[in-house]
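*Asks:* Chains E and R, in that order, are what the protein sequence lines are. Position one of the first sequence corresponds to residue 1 (this note's numbering), numbered consecutively onward. Position one of the second sequence corresponds to residue 1001 (this note's numbering), numbered consecutively onward.
Since the hints were made in silico from the structure, they are not lab data. Misleading hints may appear alongside valid ones.
To be verified - Every beta carbon over 10 Å from chain E, so not counted as near; a handful from chain R, in silico:
| no. | residue |
| --- | --- |
| 1 | G1140 |
| 2 | G1152 |
| 3 | T1255 |
Said to hold, decoys possible - These stretches of chain E come out as covered by chain R in the derived footprint (C-beta under 8 Å, 3 or more residues):
| no. | segment |
| --- | --- |
| 4 | 20-32 |
| 5 | 45-52 |
| 6 | 66-77 |
| 7 | 125-136 |
C-beta: ideal position from N, C-alpha, C; glycine also.
Here is how the chains run, residue by residue.
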Amino acid sequence: MTSSPAGSSILTLEVNAEPRRVTVAATTLLVDALRDGLGLTGVKHGCGTGDCGSCTAMVDGQAVTTCLVYAMECDDMAIVTPEHVAESVIGRILVEEFVTAGAVQCGICIPGFIVQAAAVLDELGPAPAPAEIKDALAGNICRCTGYYPIIAAVIAAAARLAAEGGAS
Amino acid sequence: MTAAVQAYRRPTDLDAALALLAAAGSLPLAGGTDFVPMQRSRSINPATIIDLKHVPELRRVEARNDHVTVGGCVTMAEIGALRGVGIGALTDGANYVGGRQTRARATLGGNVARSSPAGDTLAPLLALDAVARVAGVSHGGRDMPLSSFFVGPGQNRLEPGEIITEIVVPAAGASAYLRFTYRSWMDLAVSGVAVWIRPDGAGLAEARVALCGVGPTPLLVPAAAAALVGPEPDMAEASRALEAAAQPIDDVRGTAEYRLASLQPLLSRALATAMSRGREEWP
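Bound conformation, chain E alone (with noise of 0.2 Å):
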C-alpha cells in the first residue's frame, strides 16, 4: 500500500487471480473499490448493511459481504468476485441449474447466491437437506422467487458436482 498526501491510497490485491491496484480513501467500500475502481460489477451493492448478501465476495477464501469491508482491509489480500466464481467448475454447474431451476427473475441477488452457494457446496455434500440449504444461505435475500427454486439448484447442482467427481 502507498499513501498519497491527499488520503487516498494506492492498494495492491489480487483479484481473480490477477495482480491489480486500485486507488481508494480510508472509508472506501470493497465494494465499491471492486465496482466503481475496477469494473467488476458483478457485485451488486444492495442494502449497504450486510443483510442482503448482494454484494457478496470471496476474500482471502472465505465469503463476505463486500458493503461491511473497507478496501483497505483487503490490501495485499485475494479477492474472488462473481465474474470469477462463474467460469469455475463449480460456478458453472451452478450458473447452470439456476437457469434451469428458473431461480432468476430480476436477477440482482444471483450473483451473491452463487457466490455464497459455491462457498458452501461442498461442505453440504452431495444431497444437502433444504434445511441445511437456507441456513448455509441465510445471508442472501431474494424477493422474487421465493428461494424455493434457489433451493432445488443448489440441490441439483450438489447431485451433479458428486457425480462430476466433486472437482473445484
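Assemble the complex: chain E is given as a structure, and chain R must be docked to it using the hints.
*Replies:* Showing chain R alone in chain E's frame:
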C-alpha cells in the same frame, strides 16, 4: 464534529495497536460488521481507523481443561465451530449471529464492546461467568468480569483507547442459549435466555441464568439461578424471578408483555438443552 476519516492503520503487534489507539479520534476496528454501518451513518466519526485483525495475540483460541481463552478478534464462525459441552451457550450464540458472511467477519471482542442489549454472545458469556482481559497504553492489562461490564444500551466500562484482548470463558459444567425471533435467520433477538449448570446427581449443584433483549443491558438473574439449584428445579419460581428482573420495552421487535411471556418457555427449553448436554458429558 464530523471530520472525515483521515487514515486507516494496520498494526501487527499489540503495543503498536495500543500506541495508535491512544491518539485522539482513533477507534479500533475488528470485524467491521457493526463498525462499518455505524461509520457510514455517522454514528461514529473516527479520525483514524485502527484495524486490530493483524495482531496475532487477538486471533488466538486456547482451550484448557477448565476454561477457553478466546482472542478479541476471533470470529463468530471460529467460535461456532468450537466443540466442548461447557461453552455450549457461547457456540449457540455465535451461530445465531447474522448469516454466514457476517459470522466470517464479526468478532467476539466486537460483540462485547458493542454491548447491544440483544447481543447474542452476551447472555451466554454472563451465564458462563466470563472475564474480559483489557489492554490500554497506560496499563499492562486488567481483568473486567462481564457481570459488571455492561452499563446501558451500547455502553460499557471500557475507557477510551482500551481494547478487549481476550475473553476468558470457564468451561466446566454445561450450558445452552436460546433466543426468540420472528424469523429463523438473520434477525436480532426479541429475547434470549442463557443457562449454565453444574449437575449434582439428579439435581443441580450450581446454576447461572442470564437474559438479553429484555432490559438496557444483558443481565444475570441470580434469584432465578437459585431457584434451579437443588434436587428438583423450581421452574415456576425461576420464571417469576426472570420476569421480576426483566425491564423490557415495547419496540419494533415485540411488546414488553410478549417479551416477558417468552422468558418461561425459553428458560425451560434452554435448561433442558443444557441438562441434555451435561448428560452426554457425564453419562
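*Asks:* What hint numbers does the structure not satisfy?
*Replies:* none
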